[in-house]
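Enquirer: Here is how the chains run, residue by residue.
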Amino acid sequence: MQEVEKILNEEKIEMDQIEVPVELEERLSNALKDKSVLKRRSNSWVTKAAAACFIIILVGYNFNTLAFYGKRLMGYDKVMNGTLKQLNELGKGQVIGKSYTFKNGVVLMLDGIMIDENQLLAFYSVKGPESSVIDSSTMSEYLSIKGMSRTYNMQSGQGEIDDKNNEVKWIASFEAPRFYEKTLNLEVDLTQDNILEKGNITFKLDRDKAMGYTLKKTLNKTLKADKTKVRFESITASPTLTVISGSIQNIFELAKDQISGERIRPNDIEVNLVANGKEIAGQGGGMSTNLNGIKFHKEFDALPQELQSLQIHLKSFSIDRDVNKQVDLNKDDENKRIQIEGQDLEINKIYESKGSAFITITTKESTILTRVYLDVDGKRTELEETIESNLIKQKDGIILNTRTLHFPKTGEDYKLIIERMTYTEAYNKMIDIPIN
Amino acid sequence: METERLVKAAKQGDKTAMVKLIMLQKEAYYKLAYVYMKNKEDALDAMEDMIISIYDNIYGLRDESAFYSWSKTILVNRCKGLLKAKNKIRVLAHKEEHAHTEEQAYEGDIQQKEDRLLLEQYLSQLNQKHQEVIRLRYFLDLDYKTIADLLKIPLGTVKSRISTGLNKLKECLGGEEHARS
Chain B
1 MQEVEKILNE EKIEMDQIEV PVELEERLSN ALKDKSVLKR RSNSWVTKAA
51 AACFIIILVG YNFNTLAFYG KRLMGYDKVM NGTLKQLNEL GKGQVIGKSY
101 TFKNGVVLML DGIMIDENQL LAFYSVKGPE SSVIDSSTMS EYLSIKGMSR
151 TYNMQSGQGE IDDKNNEVKW IASFEAPRFY EKTLNLEVDL TQDNILEKGN
201 ITFKLDRDKA MGYTLKKTLN KTLKADKTKV RFESITASPT LTVISGSIQN
251 IFELAKDQIS GERIRPNDIE VNLVANGKEI AGQGGGMSTN LNGIKFHKEF
301 DALPQELQSL QIHLKSFSID RDVNKQVDLN KDDENKRIQI EGQDLEINKI
351 YESKGSAFIT ITTKESTILT RVYLDVDGKR TELEETIESN LIKQKDGIIL
401 NTRTLHFPKT GEDYKLIIER MTYTEAYNKM IDIPIN
Chain F
1 METERLVKAA KQGDKTAMVK LIMLQKEAYY KLAYVYMKNK EDALDAMEDM
51 IISIYDNIYG LRDESAFYSW SKTILVNRCK GLLKAKNKIR VLAHKEEHAH
101 TEEQAYEGDI QQKEDRLLLE QYLSQLNQKH QEVIRLRYFL DLDYKTIADL
151 LKIPLGTVKS RISTGLNKLK ECLGGEEHAR S
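Heads up: the protein sequence lines correspond to chains B and F, in order. In this text, residue positions in the first sequence follow our numbering: the first is 1, and each later residue adds one. In this text, residue positions in the second sequence follow our numbering: the first is 1, and each later residue adds one.
To be clear, the hints were calculated from the coordinates, so they are not data collected in a lab. Yeah, the Cβ is synthetic: ideal placement off N, Cα and C, and Gly gets one too. Misleading hints may appear alongside valid ones.
What follows is a set of in silico ranges between Cβ atoms, one per label pair, in the way DEER data are often shown [claimed, not checked]:
(1) F:38 <-> B:146: 57 to 65 Å
(2) B:140 <-> F:38: 42 to 50 Å
(3) F:81 <-> B:279: 42 to 50 Å
(4) F:26 <-> B:276: 47 to 55 Å
(5) F:28 <-> B:284: 56 to 64 Å
(6) B:29 <-> F:2: 13 to 21 Å
(7) B:27 <-> F:2: 52 to 60 Å
(8) B:270 <-> F:81: 47 to 55 Å
The calculated DMTMM-like cross-link candidates involving lysine to aspartate or glutamate, where the alpha carbons are at most 20 Å apart (straight line), are [what the hints assert, rightly or not]:
(9) B:354 <-> B:262
(10) F:40 <-> B:16
(11) B:409 <-> B:377
(12) F:168 <-> B:5
(13) F:20 <-> F:45
(14) B:349 <-> B:322
(15) B:349 <-> B:334
(16) F:15 <-> B:26
(17) B:12 <-> F:141
(18) F:26 <-> B:396
(19) F:20 <-> B:26
With these hints in hand, go ahead and build the complete structure from the sequences.
Expert: Structure, rendered in structure tokens:
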């Protein structure tokens, strides 16, 4: 009988020895740190009654305004960037609120859209059946929007999955629908465990909600560096996005280079957009080569409301170029410097081991010999591998890459044949865009 | 007096005053949380939640001298809430583990047949309402009246719960003693 109480008392002694952690005070203070100013509420019935009357008056007289504010898209805060949040606050979206239920219980809900000159943004959610888990490895959906005569493809999208892995909220960007479109059809291909099911949601466009553009300019400015020309064609700023488009070669230049065997393949073009002296955050871009030549577009966040100045800053341009260059090598060459297309290439050393030739070279980090061979006594030998790559940052901030090329053949005479090379041309040129 | 002055300041939104109020009785709060949560981290989490809840609701506290009993009730409720949430998460894991816990139980018995561990085991098998009064009464040495205030239940209920709980414990422990000898 006393046994239990004795043990309980032992436990108390244990309890008495527990010390309050030193971090307690700090944790309590920190917990309160994020709290905003104290809300004070009065409980008196007079104020309650007054508030009720006030609300009735507000609702009664401003029903339209409330309806307007009510038309915000809810639940997308985490996926929206600052610009979209602001527009949503202003009720700039068109609320749709239609859903489609697939056979497997998945519900796709189109909550709303936002349209302007550059894009159509669809806000939608994909929700699994009650408390099930959405597994992106077994389920995927593909969306497109069908208009009167053409289909608008999805260009990009980002989503956020909820804590229970049951629902994903998406914002997807589509090409902006043409001005004549009235009714659009969102087509969804849902694939789960390799079974495809099609669904669709039809909705009417509310042109009153379309936001148009804030700035649209033809630029037609060409910047030239070394051998390449970059042409900026236009800039279109809309409330959700700013797009700069341009080209690198038209189809004639492309054809000419192809014939002369000096084709270039652009990799990346680094462009900054500077508004009122501040860089605008980049949001993506793309490049394409087709019958229209080589085109590029760069996307940025929306421009600030009060625009005083606007500049495009072309920083650099990375291309892969046909160079077709032969370099004669002597086996005792050490730290031999050569230049190809204005780019430094240092041949550090050449050595042989177990029937293979090894050549150690150093270039800028961005320079890569994309197609290289070793001519061994008149025989062309392919590169087997690149080994021992070492990046060293120099005092001037330029990063050099030293690595060793391994060719599985040895002989008397060596020639390095560089057919193609990727490198970055620095431009650092600005274009001022007049604002009127 | 000091307490009432601090409570008044806290009501005006003075965060330092609020932290100070808690720190004045830090041991009582911490041990209270510890008795429920059984580890330092969870106890601290519960106290964080408590201070936020106090901050949000202190405007409604009429009687400044009741601050401590009022806030401790908040803490207890918060602890129970956390435990509930924790249990929900653990249910699944528990079921899966079941197969080998039986085996380990024997091994565990041989290694540590300390009565205290056994007690904790039986205590946690008791109904939540019975074990909490026993913990508060014996581990924290609180009197019946304080427990009644804290849990917002009548004094008689506290007494009856403690005696029911104790009897159940004795049954469990006694039974085990019997089987062993």
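Enquirer: Quick one: which hint numbers does this structure break? Sort them smallest to largest.
Expert: 7, 9, 14 and 18
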